[in-house]
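Following the hints, complete the assembly by docking chain B onto the known chain A.
First to last, the protein sequences are chains A and B. If you want the numbering used here, it's the 1-based position in the first sequence plus 56. If you want the numbering used here, it's the 1-based position in the second sequence plus 56.
By construction, these hints were calculated from the structure, which means they are not laboratory data. All values derive from a computational prediction rather than experimental measurement. Each statement offered as a hint is correct.
It does not matter which identical chain is used: a pair holds within one copy or between any two.
The calculated lysine-lysine pairs, modelled on BS3-like cross-linking and capped at a C-alpha distance of 30 Å, are:
no., residue 1, residue 2
1, Lys281, Lys86
2, Lys281, Lys193
3, Lys65, Lys281
4, Lys330, Lys193
5, Lys339, Lys293
6, Lys301, Lys335
7, Lys301, Lys330
8, Lys86, Lys193
9, Lys374, Lys301
10, Lys339, Lys193
There are 2 protein chains.
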Amino acid sequence: MSEFNLIQKYFTRLMRHTDLGVGDDAALVKVADGMQLVVSTDMSVADTHFFHDAVPYDIGWKSLAVNVSDMAAMGAQAKWATLAIALPEVNENWLAEYSRGFFACADVFNIDLIGGDTTRGPLNISVTIMGEVPIGKAIRRSGAQVGDDIWVSGTLGSAALGLACLQNNTLQDKIGIENDALQASIHALCRPMPRANLGLSLRSIATSCIDISDGFLADLGHILKASNCGATIDLDKIPCIDYLKNNLQNSQFQDYLLAGGDDYELCFTAPPSKRDEIKLLSKQQNILLTRIANTRSPVSRMSIGLESGSLEVMYQNKPLSILKQGFDHFA
Amino acid sequence: MSEFNLIQKYFTRLMRHTDLGVGDDAALVKVADGMQLVVSTDMSVADTHFFHDAVPYDIGWKSLAVNVSDMAAMGAQAKWATLAIALPEVNENWLAEYSRGFFACADVFNIDLIGGDTTRGPLNISVTIMGEVPIGKAIRRSGAQVGDDIWVSGTLGSAALGLACLQNNTLQDKIGIENDALQASIHALCRPMPRANLGLSLRSIATSCIDISDGFLADLGHILKASNCGATIDLDKIPCIDYLKNNLQNSQFQDYLLAGGDDYELCFTAPPSKRDEIKLLSKQQNILLTRIANTRSPVSRMSIGLESGSLEVMYQNKPLSILKQGFDHFA
Chain A
57 MSEFNLIQKY
67 FTRLMRHTDL
77 GVGDDAALVK
87 VADGMQLVVS
97 TDMSVADTHF
107 FHDAVPYDIG
117 WKSLAVNVSD
127 MAAMGAQAKW
137 ATLAIALPEV
147 NENWLAEYSR
157 GFFACADVFN
167 IDLIGGDTTR
177 GPLNISVTIM
187 GEVPIGKAIR
197 RSGAQVGDDI
207 WVSGTLGSAA
217 LGLACLQNNT
227 LQDKIGIEND
237 ALQASIHALC
247 RPMPRANLGL
257 SLRSIATSCI
267 DISDGFLADL
277 GHILKASNCG
287 ATIDLDKIPC
297 IDYLKNNLQN
307 SQFQDYLLAG
317 GDDYELCFTA
327 PPSKRDEIKL
337 LSKQQNILLT
347 RIANTRSPVS
357 RMSIGLESGS
367 LEVMYQNKPL
377 SILKQGFDHF
387 A
Chain B
57 MSEFNLIQKY
67 FTRLMRHTDL
77 GVGDDAALVK
87 VADGMQLVVS
97 TDMSVADTHF
107 FHDAVPYDIG
117 WKSLAVNVSD
127 MAAMGAQAKW
137 ATLAIALPEV
147 NENWLAEYSR
157 GFFACADVFN
167 IDLIGGDTTR
177 GPLNISVTIM
187 GEVPIGKAIR
197 RSGAQVGDDI
207 WVSGTLGSAA
217 LGLACLQNNT
227 LQDKIGIEND
237 ALQASIHALC
247 RPMPRANLGL
257 SLRSIATSCI
267 DISDGFLADL
277 GHILKASNCG
287 ATIDLDKIPC
297 IDYLKNNLQN
307 SQFQDYLLAG
317 GDDYELCFTA
327 PPSKRDEIKL
337 LSKQQNILLT
347 RIANTRSPVS
357 RMSIGLESGS
367 LEVMYQNKPL
377 SILKQGFDHF
387 A
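Same shape as in the complex, but just chain A (with noise of 0.2 Å):
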C-alpha cells in the first residue's frame, strides 16, 4: 500500500467547512469575518502518552479529544485539523480502528480534518487544530481577578486511576477497587470527552480557563501565575468518583487527585455575581460544576511558594505538603 493510497483510504473524507482539503501541497479555508484564528498542537507518542498495544480506536479518538479540550479552554469553536503520524510499519486493521476513533471524535466535534502528513518511524501522533474565536472573546489564563471563584467540572482523577491500573495489574487487588470504578477510570483515560460545548458557553462568563491535562495543580497554577493571584484549595472539596473520595488519606490517591493528569476537564475562574448563571449552566448542559475556592493574592501564611503561583492545598485543616504538582516530560 502506497502513502498515497493509504492517506486516500483511511484518511480523506468529505469536508464540512473547508474550500480546499486533503490532496494539494496545502489546505484551504476561510476564517469568518470578525473571528480570530485559534491554533493549538499536540504530539502523542506511543509509550509516553499511550501504551503502544492500546486500543487503536482510543488512540485515535483521543489524539483528536486532546486538542479539542484545548479549543475548549479558550472558548473556541474547533473546525479544522491537522494529522502527521509516522508509523513503524502498514498495519492496515490497525490504520482502520485508528482512523474510525479519530473521525468519530471528528464527527461529534465537527470537525475537518484538512491535511496531514504519514511518515515511517516510531509510532508518533501529532495533530494541530485550528477553530475560531469573536475577536477579543478568548478566555485566556491571565484574567483571573483576586477574589474570583474556582471552578472545575465533572470528576478529577479517575484518568490517574485508571492508568495506574493499568500500568499495574496486580494494584487492582492491592487497592481493592470495585469493577465499575476501574471500568469508568479506564474509560476516562482512554476516551476523554473534552468540554467543547462548556468552553463555548464560558466565553461570556470565566475570566480565566485551562484544560486540566498536566494535572489539576500544574494546571490550575498556570491560571494564577499567568493572573497573578494565589489559591488555598480544600483537598476534599476537589470533585472525584467515591472510590477517590473515600481513599484520600493515601497520599498515592491525593496524587491522582491534584497531579495525575489527563482529566480533560475544564478548570476556570468566574466572579460571584456569576454563580447563578454557572448553575443554571450546569443543569442545561448536565455537566457537574464545582465552585472549590477562591482566588487571593499571591502572598499567603503558609504560601508552599511553587514556581506556578501561590498555591496551598489544605486536607484535614492541615497544609498538605504538596511532592509533586503535575507530569513534566523533562523535570
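Using the frame of chain A, we list chain B on its own:
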C-alpha cells in the same frame, strides 16, 4: 530543566503578526479580510528524514523550510508555525542549535512560532505552517491546461546526490565527484532554500504548481493527474548541476534527478503567452527558471500509464523505462 523552562528558553520569541503566542492553551491570530488561511504540515523523523547525528542547526532550518516550501507551492505568504517535538533526552547544546536553525529560517521568511508541544520520545519533529492567500488566488495542482509550458526552478537532483554521498562514504571516491560539487550537494540536502518569493509571484502566472519534495516525476505526476494532462519529458532538459548532467548515462544518476526528491524547487505550468513574464521574473529574482516540456493530452502512443498520470521520459530519443518515480514511505 522542566518542559516549561525548555519552551521559555529555546522556543519563545517576540511575535510579529500574532495576537497571542506561546504560553496559553492555544495561540490567537487574525487572518486578514479577503484572505484564505493556507495550512500544511510536515513531520520529520530521525533516521527517516535526517540522520539522528546530523548538525542540529540544519535539522532546525530544514524542519521549517520544507513547510515554507509548501506555502510557496500554493502561492501563499507563510506567517505562522507550530512546532511539536519529541526528544529522547534534554540536550541543551542540541536544543540551542536546533532552535537557532529553526528561528534563522523563521526570520528569513518572517514567520512567527505561535505554539507547540514538547514531549519525550524518539526524535520526531512535526511542524504545521499557516499562511495567507487572497481568496481564490491559491495555485492548485489541478489547474494545468493541455499545451501549457512546464517549468522548473533551480536545479534538481543535488540533494539526492548529497544524500547518496553521506550514506556511503566510499561512493565519493567511486563516482569521482569533485569536492565543490559534493559540498554543494550536501548543502542542497541539509539547507534547502524554499522558493517563497517565486511562489508569490506565480499567483498571477502559473496555472498549477507543486514543490518537488518526493521526487520530480512523482510530483509532476501529481499535477498531471490532478489536471488530467500528460507530458513527455526529455531527460536532457531537466536542469541540474554539470556533474549530474555529465553522468546521465548512469541510471543511478537518472534516479537522483528524476526521483531523488528533497529538492524543494517549484515545478509549475503556465500558458506559452507567459514566457516573457517568466523570463523577466527569473532575472528579477535571480532564479534559474527552465522550460522543460509542454503538457499534452493524458494518452500517448508511448505512454507508460503511471498511476500518477501519463508521464514518459525520453533520453537520447528513446523512452526511458522508469523504475522509481519518487520516495514513498510505505510502497
